[in-house]
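Residue strings, one per chain:
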Amino acid sequence: MNAPAPALRPALAAGPERMLDSRFTVPGIRCAGCIGKIERGLSALPGVESARVNLTAKRVAVSHAAFLDEDILIEELRKLGFEAGRAVDNPLARDDGETKRLVRALAVAGFGMMNVMLFSVSVWSGTDAVTRELFHWISALIAIPVVVYSGRPFFASAWMALRHGRTNMDVPITIGVVLATAMSLHETVTGGEHAYFDGAVMLLFFLLAGRTLDAMMRGRARSGIAALLGRMGRGAQVLGEDGGTRYVEAEKLEPGMVMLVAAGEALAADGVVEEGSTTIDASMLTGESDPQAAGPGDRVHAGMVNLGNPVEVRVTAAAQDTALADIARLMDHAGPSRSRYVQIADRAARLYAPAVHTLALLSFCGWMLAGAGVYKALTIATAVLIITCPCALGLAVPAAQVVAAGTLMRRGLLIKDGSALERLAEVDDVLLDKTGTLTLGEPRPMTLALLGPTSKGIALGLAQASRHPLSRGLMRALREDGVQPADVTDLHETAGTGIRGRFEGRDVALVRPAATGGAAGTELAVDLVIEGARTRIAFGDPLRPDVPATLDALRAQGLTVSIASGDRTEAVAALARTLNLFAAAAMRPADKLALLERRAAAGRKVLMVGDGLNDGPALAGAHVSLAPGSASDVSQQAADAVFVGERLMPLALAIKVARATMRVVRQNFATAVLYNVLAVPLAIMGHVTPLVAALAMSGSSVLVVGNSLRLARAAGPKEGREQA
Amino acid sequence: MTILGLMIPLSLGMGLFGLGAFFWSMRTRQYEDLDGAANRILIDEDNPGPEGA
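Here the protein sequences line up with chains A and B, keeping their order. Residue numbers for the first sequence follow the working numbering, so the first one is 1145 and each next one is one higher. Residue numbers for the second sequence follow the working numbering, so the first one is 8 and each next one is one higher.
The hints are simulated quantities; they were obtained by calculation from the structure and are not laboratory data. Glycine residues also receive a C-beta, built at the ideal position from the N, C-alpha and C atoms.
Straight line, CA to CA, 20 Å or less: simulated SDA-like cross-link-like pairs of lysine to any residue:
id	chain 1	residue 1	chain 2	residue 2
1	A	LYS1244	B	LEU26
2	A	LYS1223	A	GLN1628
3	A	LYS1181	B	LEU41
4	A	LYS1244	B	SER32
5	A	LYS1223	A	GLY1172
6	A	LYS1244	B	GLU39
7	A	LYS1181	A	ALA1609
8	A	LYS1223	A	SER1166
9	A	LYS1181	B	ASN46
10	A	LYS1244	B	ALA28
11	A	LYS1520	A	GLY1335
12	A	LYS1244	B	GLY27
13	A	LYS1181	A	GLU1220
14	A	LYS1181	B	LEU49
15	A	LYS1181	B	ARG47
16	A	LYS1749	A	ARG1699
17	A	LYS1244	B	THR35
18	A	LYS1244	B	MET33
19	A	LYS1181	B	ILE48
20	A	LYS1181	B	ILE50
21	A	LYS1244	B	GLY25
22	A	LYS1244	B	PHE30
23	A	LYS1396	A	GLN1381
To give an idea of the chain B side of the interface with chain A (calculated C-beta under 7 Å), a few residues:
id	residue
24	LEU26
25	GLY43
26	ASN46
Make the full structure from the sequences, and use the hints.
Next comes the structure, spelled out in structure tokens:
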């Protein structure tokens, strides 16, 4: 993370003023105003050399002097009004390089295709033999390097498949392209009439377009998810022997260290509370929504969030030994069942490739038997291979999936890859977690109606200055109500007590309720104090606003919906009755996985939706899985798709769009097959000239892409009909 | 037909120029932040920083 800038500023790096580059994820960047605010705000700080916002990736890169550490910069960003987190090298972002290689290959193929086509069109329009020969030679000079460069992704993949004794879509592609190029070269050398250079290069171009679309879809969803990650206990402030503190990453924590856990921070390791008492939110691990009290001697686990006072925790188990790591092991165990899923394109290829090769071989043998000679028979077999090359097939699946993924992304659902869409379309059973999935998973004020407009303004003015989870929930609810913050001055926050300030000469504060009797023990609430007058604001974890509508939409699609929660039986039963759902409560991670396996054994395709770490194994083991954007990092990485925002409707929408996508994919396949049925007899009879091949190929590709574009409307109008 | 001797190198040269320009734009990371570029024009006083974030 703290990588010194190597080649960028050699002069500076040599001197004492060594500059460091730090990156932060800032999910809140949305507009030009944010860019200007952050870049100007950070650049104005002493010690910051430059700050550059990447709006697409929602990241900020800061080049700064060594005396500013990352915590200071995060704090500065917070003062500017943006929540920020350290950007870590994300395991999801690895295949960025693959997309770039594909784009380069696509650009080269595009260049080759256009230029070769210039010469081909002249040849087709009728040129005399000398000019034709010259044009064939120039085409060869362009096409051969292009085929070698742009064909590599296919050649490599075909070679891999053949070496393992399998076949895939790339085998017929490779054979077709190589044979077409070799035949055309022979034709050029011998001064023949038909060269297929344009066909070979065009084939590569269309197929690369499909591959690139596919890679870009995955890349975009992943960078979106990466922007959401990185907020959980990735490390801790550790108390040193000299009384100072230093930041230690989660993997480097060791038993015996003492962590300082601030309010609102997630624990990075298992441990025992040494000093201080607080309330702990364990919902990430257990699904239990009510906070628990924790005092000296109590055990706490990595992934739990400290809601109350800062505490000191002595680490008892770190890294691979935490309860969290046990869950990770369960997930590893559950994962492989999904990797056995075969995508529809590969299933098609298993039928397609042998059929095509047999057909080409038969036409070669047939023409040999008819006494046409090796050369003529080979030309015709090549024409058959070019015509049948799965140009439309190679585009059929990625084009449809990319359009569908783009549609869903605009509605707040990030799909990680095409296979997730295919599996989503097969779902017939939905299993929902409760906390964080059906509910928002964060405390929200339930009794705002008791406050007058002035009080609301004061509450917002106070709440937005604090990062306590309750203040953040209050701030979000008030902002949604359109409340304007009052100009509260002299703000100061005392950890564990509350935040105080002055407004129009009056003392105002948001404080924890005084412990009056036993009832206030674990109840979540704050008191708004204006000149000594207290108003209690109670907090709860409300349902997402559109839960009933979403459930109706899911049932209308013929799905069975049920709840599987780790929360207490009473809490789950009450909710299940309200929503009229079957529910299982008090489930541990292993129980959820077992439930899934029972249903899978009964032949059901289960969609798991969950957010907590306790859902991780179930998310990894389900046929397909979704996680909300507020979910833990682990869950987001285990899930096939992530939905952002407060609404649950993207869930129903995802299934609807996935099914529409598979319909379009099947239509695309039908188009490709129909085209083959028409064109292959022509090819076998030897009537396919390079001109016919080029027309057929581009015609079918345009048809397939056009059909796929219809999916842009598959989600229905914004705020669609399914809400009625 | 001598015009071909001029036109063919010219058309190939233009194609290669376009290809080169595309490769250059990729290498200088001009596609890394498309949304940002679209929004930056709305900022009053632009704050030129180093390329790439």
